[in-house]
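2 protein chains.
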Amino acid sequence: MAGVSFVVEARDGRARAGRLTTPHGEVETPVFMPVGTAGAVKAVLHRDLREIGARILLANTYHLMLRPGDARVAALGGLHAFTGWDGPFLTDSGGYQVFSLAALREVGEEGVRFRSHLDGSAHLLSPERSMEVQENLGADIAMAFDECPPGDAPREAVAGATARTTRWARRSRAAHRRADQSLFGIVQGGVHLDLREESARALVELGFPGYAVGGLSVGETRPDRERVLDQVEALLPADRPRYLMGVGTPEDIVDAVARGVDMFDCVLPTRNARNGQLFTSRGRLSIRNARHADDPRPPDPDCPCPTCRTASRAYLRHLHQANEMTAATLMTVHNLFFYLDMMRAMRQSIRLCRFEEWRWETLRRLADAEQIGS
Amino acid sequence: MAGVSFVVEARDGRARAGRLTTPHGEVETPVFMPVGTAGAVKAVLHRDLREIGARILLANTYHLMLRPGDARVAALGGLHAFTGWDGPFLTDSGGYQVFSLAALREVGEEGVRFRSHLDGSAHLLSPERSMEVQENLGADIAMAFDECPPGDAPREAVAGATARTTRWARRSRAAHRRADQSLFGIVQGGVHLDLREESARALVELGFPGYAVGGLSVGETRPDRERVLDQVEALLPADRPRYLMGVGTPEDIVDAVARGVDMFDCVLPTRNARNGQLFTSRGRLSIRNARHADDPRPPDPDCPCPTCRTASRAYLRHLHQANEMTAATLMTVHNLFFYLDMMRAMRQSIRLCRFEEWRWETLRRLADAEQIGS
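As they're listed, the protein sequences go chains X and V. Residue 1 is where the first sequence starts when you use the numbering used here, and the numbers rise one by one after that. Residue 1001 is where the second sequence starts when you use the numbering used here, and the numbers rise one by one after that.
Read the hints as simulated data drawn from the structure, not as lab findings. Do not rely on the hints blindly, as some may be mistaken.
Quick partial rundown of chain X residues pointing at chain V, CB under 8 Å, derived from the structure [unchecked claim]:
hint	residue
1	A40
2	P68
3	A71
4	R72
5	A75
6	G78
7	P296
8	A314
9	L319
Just so it is clear, CB atoms sit at the ideal spot from N, CA and C, and this is done for glycine as well.
Looking at chain X on its own, in the form it has when it is part of the complex (with noise of 0.2 Å):
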């Protein structure tokens, strides 16, 4: 079985609209990931994140190695088989979150000395692991092993883990042995555009049948985030897949498929949504707001997903006041449609060649609403 390919199908100046085939299915492009950080998106259950139009669940590294352990996840046939999704997975490296997570780190050049933040007990993440780990779980897409600084990083500090990332990719390529399972790079080097080009080069220079953009979304400047997604652009191959780990907001999505960027991960639709946050087509909603106590209207009157057609205002804040857990059920089913339906609806515009016309409309709206309020 052969891990993915991909097709571009339509361009409209630089976004385009693409085919990913894996070995579980196809995904069209712009896609949206929901995240399934330990094998499961957060209080939704997997036929509803079908119906909502969900293709393909990113799954992480970090906690699925510590909890239940990856050589557990293979016994049980993988992250399919262990968790029942049937559709395609992607795995990250696990380099953020050891990064960002875990205890009393060492970097070296060897790869990642850790204590788990579950239970303490001592861990290494090295290319090779990270590889190990991925390849127990089983998804369709997994990550190299990259070294991400900090977003206030200094530049000789993000230089270093730049050309570390580009090793670690090396040594990942070469660890790498599933040929059901396709290895993406990841480009890093900050804001820094002379870093960013290095990285890119190196990693088109392995050649990878998929490419991230990391170390964004992480404070950095909306220009800045900018200029490095069109500076990568123009670096990499035309024929694979690009993906924006980690970003963001509806209108960074937008921003980035303008700039060719063909898939997107991030937590924001599923965390917003059990803090009450809900995205609308007239702008952010919080629940908590007592203002919404009496108000019988859906969230988004405009809105066909499951939760819109059933639930009020009024209900939903009762049930997020009550500590119901039903309540973030029925606000990430929300959140993640929103999304999922804004990629269906850019996916149109650009095989439409109406994508700018849709962008500006759809920017303008979001923006006029975060000034009415709704």
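Starting from the known structure of chain X, fit chain V onto it as the hints suggest.
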């Protein structure tokens, strides 16, 4: 719109199979009502409840009067419109919770003055106020306001509470106005057969469209409970539904149906699910147990519920250990399916005049399973 009506359609011994017709649809009895304390069954969406066969939900007057407030629910169209559950609802009287949850209770002939366990605000719950709250909530079935003495109360205390419950039942009936809502009386009397008789005769004299047995499942022995049910069954009119409040285990329910009970509610299947305890045809299963960590089998290989069709013990254990909300959802769906499916089988066995056979087979299977483990 009339309230509920009830027909007994089949009998086998004292067990009855019937049909409860409500303003929001028909319900076959014996029936189990999942508990939706705050207007939502914890962790499960309405449509999943419908899919597994739930037909009528219980909601708690005490909780809803405090949050979001019964006047607010009324302004939003009542419980059905507010929650989106379009099947029948039953609300309890608030009596049980005010005696078990509220702070600084003062019980007098007028009612119970107490402070909210949420914010310390002062409230009165009386027969008249309970009727007002329940009419505001607008369930298909309301319950008369009763005094629930603790399970270990001395006989004199139980006698006083029983007599007061009768006086409060009279006041409840006098205060109750809504024609589209049926008011059931509650028989009290603890484990004292003479008090139970006194209570049942007085309530039947008042005349209600249905009768509940309260004050059981509060620590009494099984023989004591069986004696009370035998006693009460003989005194209640055969053409009215009988509701055993807050009971119980699968075995408890089977035994009560054998004694002519038609309706049940209990938090056991939902609460146990959230704690990782599953009911199966092969006995109870604690998903926390480490032996499930590598087990690819569903919780109950013979169970056709949505959870057992898709999730392994290993995955459920992982989700539970990782504090994923979907663990609660998946396990609640299974436990409620187990209860609701047992009720279906029981109804069928009564209609086929094979209830006793079914009963002993079921009880033996459950007992064997407890010994063997699963």
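Violating hint indices (sorted, rising): Of the numbered hints given earlier, those the structure breaks are 3 and 6, listed in rising order.
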